[in-house]
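Now for the letters of each chain:
2 protein chains.
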Amino acid sequence: MLVLVSYDVMVSSSGGPKRLRKVAKACTNYGQRVQFSVFECVVDPAQWAALKNTLENIIDVETDSLRYYYLGANYKNRVEHFGLAKSYAVDEPLII
Amino acid sequence: MLVLVSYDVMVSSSGGPKRLRKVAKACTNYGQRVQFSVFECVVDPAQWAALKNTLENIIDVETDSLRYYYLGANYKNRVEHFGLAKSYAVDEPLII
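Residue numbers (the numbering used here), protein chains in the order written: chain E, 1 to 96; chain Z, 1 to 96.
Simulated from the structure, these hints should not be mistaken for laboratory data.
All values derive from a computational prediction rather than experimental measurement.
We put the CB at the ideal spot given by N, CA and C, even for glycine.
Careful: at least some of the hints might be erroneous.
Claimed, not checked - In silico EDC-like links for lysine to aspartate or glutamate, alpha-carbon gap of 20 Å or less:
(1) Z:Lys52 <-> E:Glu80
(2) E:Lys18 <-> E:Asp44
(3) Z:Lys76 <-> Z:Glu62
(4) Z:Lys25 <-> Z:Glu80
(5) Z:Lys18 <-> Z:Glu80
(6) E:Lys52 <-> Z:Asp44
What the hints assert, rightly or not - What follows is a set of in silico ranges between Cβ atoms, one per label pair, in the way DEER data are often shown:
(7) Z:Asn29 <-> E:Leu84: 31 to 39 Å
(8) Z:Gly72 <-> E:Lys18: 16 to 24 Å
(9) E:Arg21 <-> Z:Ser12: 15 to 23 Å
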C-alpha cells in the first residue's frame, strides 16, 4: 500500500534540519521523496508499523508534526503531478 | 471528495513567497492548510476543475511543482495526524 507521509518541521528550530534528514532517510528506505517534506512510502502493514514507530521517535512533538495519508494498494490513479519534476536526494542540504 | 494538494515552491526564488500565498488562498477557499505547503481541499468535480486550473496558472513550472492526491469521498479514515496540531493562517508570514 502507499502511505504518503508529510512532515512539518520547523527547520529553524534546534535540531530541525537533522530531524528532517532522519525522517527522509527512514522514508526513502520504502519509497521516494516527492517534495521537500513529502514522502511516498510503499509498505506492507508490518513495514508501516515499523516505519511509523521510527518516525514518531524522530520528531519533536512540541514543534513538528507528521501527517499520514493512506492511499491503499490501487494508488497509481490517485496521484497526479504538475510542474517541475524534481528529484530530491535524501541528504540534500536544507537550503530553501 | 478530498484532494490533497502539495505545493513545492522555492520560497527563495523570485516571487516564491507570493505564489505560495496565492496557492494557499485558492486552496483554503475549499478546505484547510494542514502543513506548511500541504492543503486538504474538499471539492466536487466542477470545483476541482476550477481550482486545479487556478493553481496551475499561479505556479512557475520552471521552479515549482504541485502534486495532487485524490482521497475520494470516504477520506476520513485515510488521514492520520501525529504531533503538533498547528493551524496555519493563509496569510501567515513565510518564516520557516
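Taking the hints in turn, this is what the structure says about them:
1. Z:Lys52 <-> E:Glu80: Holds. Lys52 of chain Z to Glu80 of chain E sits at ~11 Å (cutoff 20 Å).
2. E:Lys18 <-> E:Asp44: 27 Å, violated
3. Z:Lys76 <-> Z:Glu62: 34 Å, violated
4. Z:Lys25 <-> Z:Glu80: 24 Å, violated
5. Z:Lys18 <-> Z:Glu80: 30 Å, violated
6. E:Lys52 <-> Z:Asp44: Cα-Cα ~32 Å, so violated.
7. Z:Asn29 <-> E:Leu84: 31 to 39 Å: 25 Å, violated
8. Z:Gly72 <-> E:Lys18: 16 to 24 Å: 36 Å, violated
9. E:Arg21 <-> Z:Ser12: 15 to 23 Å: Holds: the Cβ-Cβ distance is about 19 Å, inside 15 to 23 Å.
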